[in-house]
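Starting from the structure of chain A, add chain B where the hints point.
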Amino acid sequence: MLAAAVGMLAACEGNLLVDRATGGQHGDEHVSVGVPGTPGSTAECTGELPPVADVPARLLTSQEVNHALDVVFPELDLPAYSMAYDSRVGTFLINSRENVSAAHLRDFRSLAEDVAATVANQVSEVAPCDDGDTACANAAIDTIGHRAFRRPLNTAERDGLQALYAAGAADGGHAAGMRYVAEAILQSPGFIYVVEDVAQPQLSDHAVAQRMAGLLWRGVPDEALLNAAANGELTTVEGRRAQAERMLAHPRSETMIRSLFMQWLGLDRLPEQGFAQAPELDGLADAMGDETARFIDHVATSTDANWRELLTARYTFVDPRMADHYGIDTADAEEVSEGVWRVEVPGRAGIMTQAGFLAVHHGPVHRGLTLRKAVLCGSVASPTGIDLNSIETFEGESERSKSEKRLEHSTCGGCHLQMDPLGLPFETFDALGEARTEDEHGNMLSGDGFIVGGQEIVDVTNAVELADQLAESEAAEACVAKHLFVWTYTRDVRPADACAVDSIGRHLKANDGNIKSTLLDIIAEPAFIERAQIQPTQGGTP
Amino acid sequence: MKVINRKIDRRRFLRGAGALGAASLALPMLPSLLGAQESGTPKRLVVFFSGNGTIAPNWVPESSNGRLTGMSTILEPLTPHMDDITVVEGIDIKVARGEWQAGSGFHAHERGLGGILTGQNLNTGDMEAGSGYANGISVDQFIANSMEGQTNLHSMQVGLITNRHGAGWYNRDTMTYAGANQPLFAESDGTKIFDRVFGETTGTATTVRRARDRRASVLDFLREDMSRVEKKLSSEDRQRFAEHHTAFRELEEQLSRPLPTCEAPEGALGNWSDQSNMTAISDFQIEQTVRALACDLTRVATIQYGKGLGALSLRPIGMSDSWHSLSHEGDGNADAQQKLTELNRYIAGRFAKLLTEMKSVPEGDGTLLDNSIVLWVNELGKGNNHDHDDVPIIMAGGLGGVFGPGGRHLQFGERPHNDLLITLCHAFGQEVQTFGRPELCSGPISELLA
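Taken in sequence, the protein lines are chains A and B. Numbering (our numbering) for the first sequence: 1 to 542. Numbering (our numbering) for the second sequence: 1 to 450.
No lab work stands behind these hints, which were simulated from the structure alone. Please note that a few of the clues may not be correct.
[Claimed, not checked] Pairs of lysine to aspartate or glutamate residues, derived as EDC-like cross-links and limited to a Cα-Cα distance of at most 20 Å, are as follows:
1) B:Lys232 with B:Glu243
2) A:Lys509 with A:Asp205
3) B:Lys232 with A:Asp197
4) B:Lys339 with A:Glu440
5) B:Lys192 with B:Glu250
6) A:Lys405 with B:Asp331
7) B:Lys339 with B:Glu76
8) B:Lys359 with B:Glu148
9) B:Lys231 with A:Asp205
10) B:Lys339 with A:Glu399
11) B:Lys43 with B:Asp365
12) B:Lys232 with A:Glu98
13) A:Lys405 with A:Glu395
14) B:Lys339 with A:Glu395
15) B:Lys192 with A:Asp114
16) A:Lys405 with B:Asp335
17) B:Lys339 with A:Glu392
18) B:Lys339 with A:Glu397
19) B:Lys43 with B:Glu148
20) B:Lys339 with A:Asp439
21) B:Lys359 with B:Asp370
22) B:Lys353 with B:Glu342
23) B:Lys231 with A:Asp197
24) B:Lys232 with A:Glu530
25) B:Lys353 with B:Glu148
26) B:Lys231 with A:Asp54
27) A:Lys509 with A:Asp459
28) B:Lys232 with A:Glu335
29) B:Lys353 with B:Glu76
30) B:Lys232 with A:Asp205
31) B:Lys192 with A:Asp86
32) B:Lys192 with B:Asp274
33) B:Lys231 with A:Glu530
[What the hints assert, rightly or not] Simulated restraints, written as ranges between beta carbons of each label pair:
34) A:Arg158 with B:Thr41: 52 to 60 Å
35) B:Gly401 with A:Asn99: 38 to 46 Å
36) A:Asp77 with B:Arg210: 21 to 29 Å
37) A:Asn99 with B:Gln150: 24 to 32 Å
38) A:Glu335 with B:Thr356: 54 to 62 Å
39) A:Pro74 with B:Thr73: 56 to 64 Å
40) A:Ala117 with B:Glu253: 19 to 27 Å
Cβ atoms here follow ideal geometry from the backbone N, Cα and C, with glycine treated the same way.
Chain A extracted, bound-state conformation (with noise of 0.2 Å):
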């Protein structure tokens, strides 16, 4: 039966096999994983990073933009912000693909009122000058202005903010002017949008700062940052490493290590679930939340954030709520900080098998999809002019059965071959990520399921022998690797980034799967301060 399922993979568009893809050549694994289209070849790649072409201009997250406001103003005790039009690039949140809309913009401006308003109230804590000193306050608007536009303000923006300013005072005096002032910087495309200069091949100074800071932090320049590369120090390997430690070192880092991985397989999703009105499941999802953040905070430092150890970890870190949610006794465990053991938990290995998981990620299709997108970086197609009323399913009937009839089916099994296997070890958990041994229905559950990639078939039993299998997967290795140059260059894989991913993909290798180490290689890379030119198979340039 599962030969003949194989068989049927070609049916199922976007095929994502590795040796499908390449047309079973070795040694393309890096780039052609999930990359639509023709894919490149690593043939010429000498190994190093070469300059990469068309890095977007983007808009700053929810998260910059908070991380930005404490940069700008570092007096204030300002609110934590939320645009609502955060968008993904991929599996991360990166805003370079939508046009602006009239409600960006919307949204920019209810936070620079709102965060002006702050600074006119609190102007003797932001800007102390006198009404009428106005060296004091162009002193002011020249910190402000270059903090938020991560460089030094130009002569037209000096300008345009001083006659700005003067305007504010007439109406207000000097804390009216700061309001105005604050309010035109916050809405300004220097302080919203991440831009590189196209004309130039090498980044300025001060764009490898906000490349470095992106990439590291998910945020913007410090001051330390900012004067590096006020000092030219940014254009030198060593200056790069120097400041790319210390800012790895950075509890900011630690952020970013967060957002890498819970992007990375949904789990900043996990606050949209809105779990059911129950009260006994109140707080349930914040305890989810928090074990799987402590998780991550801790393969960060131990490990240097390695990605296979966040796979196949055989610890957790519980509060008394998820121990009881787990089933298990803290009473011997180690109490690592108060109210916080860390224990093994039976049957359970590394972030996929944690509760947050399992209730993003619900149903052996959905949980096998994320797993077929986001560890190997394939795409699957939803179903198109098929009869799903075609399978028979009945009430009471186990997902393992329904899983089985789809696979079975000529029309519905090579699409669900590379779904439903990779999901049905975990039907052992249920949508709140409880271990069961049966379901609502009373049917006995099992572990069993494979994962198929190329020409094989790897059978596992249970959810931890299918982590186990997918960390020491080439298939795997190499989507993180694609997942890296994603978080780095923000925009999708094109196929002319073949050696691009595949440098990516070396460095993770020679630092054993540590992700923090290989981001620091990167930079470290004569290359990463270059842009390369327009790609000529891109067509459309004027």
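Relative to the frame of chain A, chain B by itself:
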């Protein structure tokens, strides 16, 4: 994730719908404001969307000789409105079929959602299966354009849990288009809608004027500033930035319009994605929309419950299943059929709430509903086979006598929905011959009109 916590003192926090009393909806009439702009009562269009198809056997109402005589299980909440609604069967979104699309393999949800209001196919693009955005303007935007400048806001796009899908799925997120490849996305954050719709109309005259002066000065600076950044951009990014200009002009234009004085609703604030609090969120969004229409801040609104395929689960009715997954279950799965019936019935209840609110606003000799046309649409017909035939459609309101009376059950046979879009255009005085793909257009559906 951190949650926005901005000053919201003019609204009070409430969890349930109970505090939104009908009394607070009794808006002052604004004859002088309306009269200054044009004669006669304004006409409004509201499009209400829910997805994943329906369960036809539980949707079709009882009727006799084309008159409704009783509601079905799903439509039962509409019983009090039976005389105001027309249930329409036999309309197909033919343009959503593969043969009309710009590429093969585009997904059923996106094809349906992109086509429902545009009457157009999807173009090719860089989204899933090589699909792109719809190839034309949506009917709500077309009609809003025809009334351009008569109201403070061009149109409203209200969302219920319309948080965006990941990149590669954006064409699954919206049904409204300003033009070919120009999607407009619904806003599901009620606070943002509130600020956009009512933000400028509250406060004293002096504070409003001072805020406007400050905004005008800031816009002057930003206008200059925009041109400076542009020089650095790639051609691709420059196209995106052109949209920034358009968006910027919209803010400028809003600032130049006269200020209506309008009573803003009070409402539920907090987590706009909390599906277990859906009824209260929905009530607030409906009330905002109805207020904006009643106050003539805008005349065109869309209310989108989830997206194509739907981010919605069954949490609004106290269950945790995924709506979309459930809609894949076969007809023989009685449990799934029953849950989907309940959920669709729940949505019918929200639609009933919209009608109730619209009827509670007196206008001339009738109500706001009498002067509006409200359309409930879906991107699919039947959920489990993803077809676009016989999509469930309900119309309500007469648009001031332009449409025929309610209480009817009309059955057509495989009529392309483009004709329904043409009918809407005609009703708003736009006598177009075609809307969307011309090949699928034969003309307005006369049976719907008075």
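Exercise. If you draw a straight line from the CA of Lys192 (chain B) to the CA of Asp274 (chain B), is it 20 Å or shorter?
Worked result: Holds: Lys192 (chain B) and Asp274 (chain B) sit about 16 Å apart, inside 20 Å.
Exercise. Do the alpha carbons of Lys231 (chain B) and Glu530 (chain A) lie within 20 Å of each other, as the hint requires?
Worked result: 19 Å, holds
Exercise. CA of Lys192 (chain B) to CA of Glu250 (chain B), is that 20 Å or under?
Worked result: 16 Å, holds
Exercise. Holds or violated: Lys405 (chain A) with Asp331 (chain B), Cα cutoff 20 Å?
Worked result: Holds, because 16 Å separates the two Cα atoms, which is no more than 20 Å.
For this session: With a cut-off of 20 Å on the C-alpha distance, tell me whether Lys353 (chain B) and Glu148 (chain B) pass.
Result: 28 Å, violated
For this session: Assess, step by step, whether the Cα of Lys231 (chain B) is no farther than 20 Å from the Cα of Asp54 (chain A), and give holds or violated.
Result: The given pair, whose Cα atoms are some 15 Å apart, holds under the 20 Å limit.
Exercise. Taking only the CA atoms, is the gap from Lys359 (chain B) to Asp370 (chain B) under or equal to 20 Å?
Worked result: 8 Å, holds
Exercise. Holds or violated: Lys339 (chain B) with Glu392 (chain A), Cα cutoff 20 Å?
Worked result: Between Lys339 (chain B) and Glu392 (chain A) the Cα gap is close to 17 Å, so the pair holds against 20 Å.
For this session: Would you mind confirming whether the straight-line C-alpha gap from Lys509 (chain A) to Asp459 (chain A) stays at or under 20 Å?
Result: 25 Å, violated
Exercise. Is the straight-line distance between the alpha-carbon of Lys192 (chain B) and that of Asp86 (chain A) 20 Å or less?
Worked result: 14 Å, holds
For this session: Take a quick look at whether Lys232 (chain B) and Glu530 (chain A) sit within 20 Å of each other, Cα to Cα.
Result: With Cα atoms ~15 Å apart, Lys232 (chain B) and Glu530 (chain A) stay inside 20 Å; holds.
Problem set entry | Status of the given 52 to 60 Å range, CB of Thr41 (chain B) versus CB of Arg158 (chain A) | 53 Å, holds
Consistency with the previously given hints fails for numbers 2, 8, 25, 27, 28, ordered from lowest to highest.
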